[in-house]
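Trainee: Okay, here's what each chain looks like letter by letter:
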Amino acid sequence: MINTKELIGQLCNIMSVTGYEHRGAQELTELISPYFDHVYEAVGGTYVAVKYCGRDAAPRLMLDAHFDEIGMIVTDILPGGYLSFSHMGGLDRRIMPASEVYIYGREKIYGVICSKPPHLQKPGESKKLPALDEMLIDTGYSEDELRKIVSIGDGIGFYESTAELLGNRICGRSMDNKACCAAAIIAAANVEREKMACDLYVTLSSREEESLAGGCVTAAYDIRPDIAIVTDVTFSRFPGVDDYESAKMGEGASVSLSAVTDRKLTNRLIYLAENAGFKLQTTVDAENTGTNATALTLCGDGIPCAVVSVPLSCMHTYNEIIDTSDVEAAAKLFMLAVCDEDIFREEY
Amino acid sequence: MLNYLRELIKIQSVSGAEKNIALYIKSEMEKYFDECETDALGNLICRKNGSGKKLLFCAHMDEIGFIVTTIDDKGFVHFAPVGGIDFVAAAYASVAFANGTRGVMVPEAGLKSDDFKAEKFVVDIGAKDKKQAERLVKTGDTFALVPSYTRLRGNRICGRPIDDKIGCAILMAAAKEADSFKNNTTFVFSVQEEVGIRGSRVAAFNCRPDYGIALDVTSTGDGHGSKPMAVSLGEGAAVKIKDASVICDSELVRKMGEIAEENNIKWQREVLTAGGTDTASLQLAASGCRAGCISVPTRYIHTANEEIDCSDAKACLDLVVAIARTELE
Numbered sequence: 084m085i086n087t088k089e090l091i092g093q094l095c096n097i098m099s100v101t102g103y104e105h106r107g108a109q110e111l112t113e114l115i116s117p118y119f120d121h122v123y124e125a126v127g128g129t130y131v132a133v134k135y136c137g138r139d140a141a142p143r144l145m146l147d148a149h150f151d152e153i154g155m156i157v158t159d160i161l162p163g164g165y166l167s168f169s170h171m172g173g174l175d176r177r178i179m180p181a182s183e184v185y186i187y188g189r190e191k192i193y194g195v196i197c198s199k200p201p202h203l204q205k206p207g208e209s210k211k212l213p214a215l216d217e218m219l220i221d222t223g224y225s226e227d228e229l230r231k232i233v234s235i236g237d238g239i240g241f242y243e244s245t246a247e248l249l250g251n252r253i254c255g256r257s258m259d260n261k262a263c264c265a266a267a268i269i270a271a272a273n274v275e276r277e278k279m280a281c282d283l284y285v286t287l288s289s290r291e292e293e294s295l296a297g298g299c300v301t302a303a304y305d306i307r308p309d310i311a312i313v314t315d316v317t318f319s320r321f322p323g324v325d326d327y328e329s330a331k332m333g334e335g336a337s338v339s340l341s342a343v344t345d346r347k348l349t350n351r352l353i354y355l356a357e358n359a360g361f362k363l364q365t366t367v368d369a370e371n372t373g374t375n376a377t378a379l380t381l382c383g384d385g386i387p388c389a390v391v392s393v394p395l396s397c398m399h400t401y402n403e404i405i406d407t408s409d410v411e412a413a414a415k416l417f418m419l420a421v422c423d424e425d426i427f428r429e430e431y
Numbered sequence: 010m011l012n013y014l015r016e017l018i019k020i021q022s023v024s025g026a027e028k029n030i031a032l033y034i035k036s037e038m039e040k041y042f043d044e045c046e047t048d049a050l051g052n053l054i055c056r057k058n059g060s061g062k063k064l065l066f067c068a069h070m071d072e073i074g075f076i077v078t079t080i081d082d083k084g085f086v087h088f089a090p091v092g093g094i095d096f097v098a099a100a101y102a103s104v105a106f107a108n109g110t111r112g113v114m115v116p117e118a119g120l121k122s123d124d125f126k127a128e129k130f131v132v133d134i135g136a137k138d139k140k141q142a143e144r145l146v147k148t149g150d151t152f153a154l155v156p157s158y159t160r161l162r163g164n165r166i167c168g169r170p171i172d173d174k175i176g177c178a179i180l181m182a183a184a185k186e187a188d189s190f191k192n193n194t195t196f197v198f199s200v201q202e203e204v205g206i207r208g209s210r211v212a213a214f215n216c217r218p219d220y221g222i223a224l225d226v227t228s229t230g231d232g233h234g235s236k237p238m239a240v241s242l243g244e245g246a247a248v249k250i251k252d253a254s255v256i257c258d259s260e261l262v263r264k265m266g267e268i269a270e271e272n273n274i275k276w277q278r279e280v281l282t283a284g285g286t287d288t289a290s291l292q293l294a295a296s297g298c299r300a301g302c303i304s305v306p307t308r309y310i311h312t313a314n315e316e317i318d319c320s321d322a323k324a325c326l327d328l329v330v331a332i333a334r335t336e337l338e
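Those sequence lines, one after another, are chains Y and H. The opening position of the first sequence corresponds to residue 84 in my numbering, with each subsequent residue numbered one higher. The opening position of the second sequence corresponds to residue 10 in my numbering, with each subsequent residue numbered one higher.
No lab work stands behind these hints: they were computed from the structure. Only a predicted model underlies this, so the values are computations on that prediction, with no experimental measurement involved. Check before you lean on any hint, since a few could be wrong.
So these bits of chain H aren't anywhere near chain Y, every CB distance computed over 12 Å [to be verified]: (1) E16; (2) E44; (3) A49; (4) G61; (5) D71; (6) D124; (7) R144; (8) P237; (9) I274.
Within a straight-line C-alpha distance of at most 25 Å, the following computed SDA-like cross-link-like pairs (lysine to any residue) qualify [as the list claims (entries may be wrong)]: (10) H:K19 x H:L145; (11) Y:K362 x H:G232; (12) H:K147 x Y:G333; (13) Y:K347 x H:A105; (14) H:K129 x Y:G333; (15) H:K251 x Y:D326; (16) H:K147 x Y:I353; (17) H:K28 x Y:I353; (18) H:K28 x Y:D425; (19) H:K140 x Y:G373; (20) H:K126 x Y:R320; (21) H:K129 x Y:K362; (22) H:K129 x Y:E328; (23) H:K28 x Y:Y354; (24) H:K323 x H:R165; (25) Y:K347 x H:G232; (26) H:K28 x Y:F318; (27) H:K140 x Y:D425; (28) H:K323 x H:G232; (29) H:K83 x Y:D425; (30) H:K126 x Y:K347; (31) H:K147 x Y:G383; (32) Y:K362 x H:A105.
The beta carbon of each residue, even a glycine, is placed where N, CA and C say it ideally should be.
In isolation and in its complexed conformation, chain Y is listed as follows:
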């Protein structure tokens, strides 16, 4: 049996800043190969992991979880051992000053984003956030030493800091979307081949954080799945966030109700869960799911998609929190879907 917390921790420790997903290729392949028949890296940087049901001409289910994470990119190396940088994916500038980061150069080095002490700030300066291009990373190295290790264009990620909280909760960098990657991998590992109704293509896809489409679409173009389930994190509920666009942590996975995802498939997932005795939460994403599904639906001549989410709090920070029971609930749902023959029918 896979230990969920351990697997998420291992996935989080594989650096996968948007655009640098290939960096962890060997590590990731070694980690997940035992659970699949075939693992390969597609042209666009997406890892495709296949588990066959063993029957000819079986339908194909694509289970997509983006593997990339938000981060930064080195834009220049400056006198004094400072680095300027730009974003890879949507960064929250409020959390940047004094954050600890790793720079993934020829070796992994540590840095801290500079913060101007309050004493030195001009009147009113504390009220506005510095722009990204006004921020620098202090590495402690001299410029000459730094140039030997770091090049312009190298990736930067927040400090690797997975930690256990009380109960089922864990926090750390890149829970978005390693938690959902774990759910997909757990489902593939645990599902019994004889019970599978389809060939399962798990895509740990690239570049979602930068383009909201990235590598999942190009991978799908080759896979040509009959249906697809996209799994990604969603906002956890807290004061000030509307109920309909959030889900409660610890109360299971959530499915998206949207004009752009497939209602029939979504309803089938709700039915499968209820039939198995557990409930799914729902979120409403009227016109755009904010996930790979919005683009994946339009791949080739069209792919019916549903979105299954895991609630997460502190999104796009270095301390994203998830509840592993939600990850396990999502994995359970994926196993039911993979074993359901009727999910591929035109009518049910």
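With the hints as your guide, set chain H onto chain Y.
Mentor: Same frame as chain Y, but now just chain H:
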């Protein structure tokens, strides 16, 4: 054509929930076309086998509407918009859900129209509390303003949703002439146009047409306080040259004008500075095609009373048939 329009208006088809309207259109199209199938997203693709160039016409089946987000303790239904909603036009209008439940679109008391937005509105379905409301409506249900069809003076009609049920009605009426078509012709009734021109993209990818022509509505410059625009009700089929989503193929535009002239069909040139149509996705799907659009001039688009002149719709129908009957090169 107008009989089709009346029927299509009655069948609610908010983006993402086009199944029922597709079934109705399919039942009619099967009488005139060789193959009618629904694709993975719900687009209805109808083929009339023939030799020559692959000619595709496309009208979208979906209409703008709303999706239920949550129901509060008072039994009021909260929602998010699906498609481009004008809340000034929607305030206090009647709405209908797919199961027949009716309601009124109500803004927060005292709210000025400048501040109208979805979060400030609820639908009052007459429920006394949350429990009663939840028996009729649930999260994720879609609904729309109540459909209507009214004859005005002369050739004019108003109601909703004319956008783009009129396009669908035109294609359905054109299908009756299918035996005289001189191209390999496909009619696509697309989904999810109102939420980002989505369905037609995969349908065009599937069909790989040489020519793709959308049928949709366009604005006019002849209304009360309209922005200047050289399109008027009653002046004929509008042949699109450009809108905010596409620049049409100039050779196809020229050809369409020429076919209209040859067949004595009244037509006008259309340059629309806002708005998008399926034309854009037809043009760019797979390795692309020569794309154009025939538009029905329409006032008050996306309101409870969209107004058209039937003579324009008839001109659009005639132009579709004339193009299909012209052997394209």
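Trainee: Holds or violated: K83 of chain H with D425 of chain Y, Cα cutoff 25 Å?
Mentor: violated, 39 Å
Trainee: Minimum C-beta separation from G61 of chain H to chain Y exceeding 12 Å: can you confirm that?
Mentor: holds, 23 Å
Trainee: Please verify whether K362 of chain Y and A105 of chain H have alpha carbons no more than 25 Å apart.
Mentor: Violated. K362 of chain Y to A105 of chain H sits at ~29 Å, over the 25 Å cutoff.
Trainee: Can the restraint linking K362 of chain Y and G232 of chain H be considered satisfied, given a maximum Cα separation of 25 Å?
Mentor: violated, 52 Å
Trainee: Between K347 of chain Y and G232 of chain H, does the CA-CA distance stay at or below 25 Å?
Mentor: violated, 42 Å
Trainee: Does D124 of chain H sit more than 12 Å from chain Y, CB to CB?
Mentor: Its Cβ never comes within 12 Å of chain Y, the nearest being 18 Å, so this holds.
Trainee: Take the C-alpha atoms of K28 of chain H and I353 of chain Y, compute the straight-line distance between them, and say whether it is at most 25 Å.
Mentor: Status holds; Cα separation ~20 Å.
Trainee: K323 of chain H and R165 of chain H were given as a pair; does the straight-line alpha-carbon distance stay at or below 25 Å?
Mentor: holds, 12 Å
Trainee: Taking the minimum C-beta separation from E44 of chain H to chain Y, is that value above 12 Å?
Mentor: E44 of chain H is indeed farther than 12 Å from all Cβ atoms of chain Y, at 15 Å.
Trainee: Would you say I274 of chain H is clear of chain Y, with no C-beta pair closer than or equal to 12 Å?
Mentor: Consistent with the label, I274 of chain H stays out of reach of chain Y, its closest Cβ about 33 Å off (over 12 Å).
Trainee: Below or equal to 25 Å on CA atoms is what counts here, so check K347 of chain Y against A105 of chain H.
Mentor: Holds, at about 22 Å.
Trainee: For the pair supplied as a hint, K323 of chain H and G232 of chain H, confirm whether the alpha-carbon distance does not exceed 25 Å.
Mentor: At roughly 21 Å apart (the allowed maximum being 25 Å), G232 of chain H and K323 of chain H satisfy the hint.
When held up to the earlier numbered hints, the structure conflicts with 3, 5, 11, 14, 15, 19, 21, 25, 26, 27, 29, 30, 31, 32 and fits the remainder.
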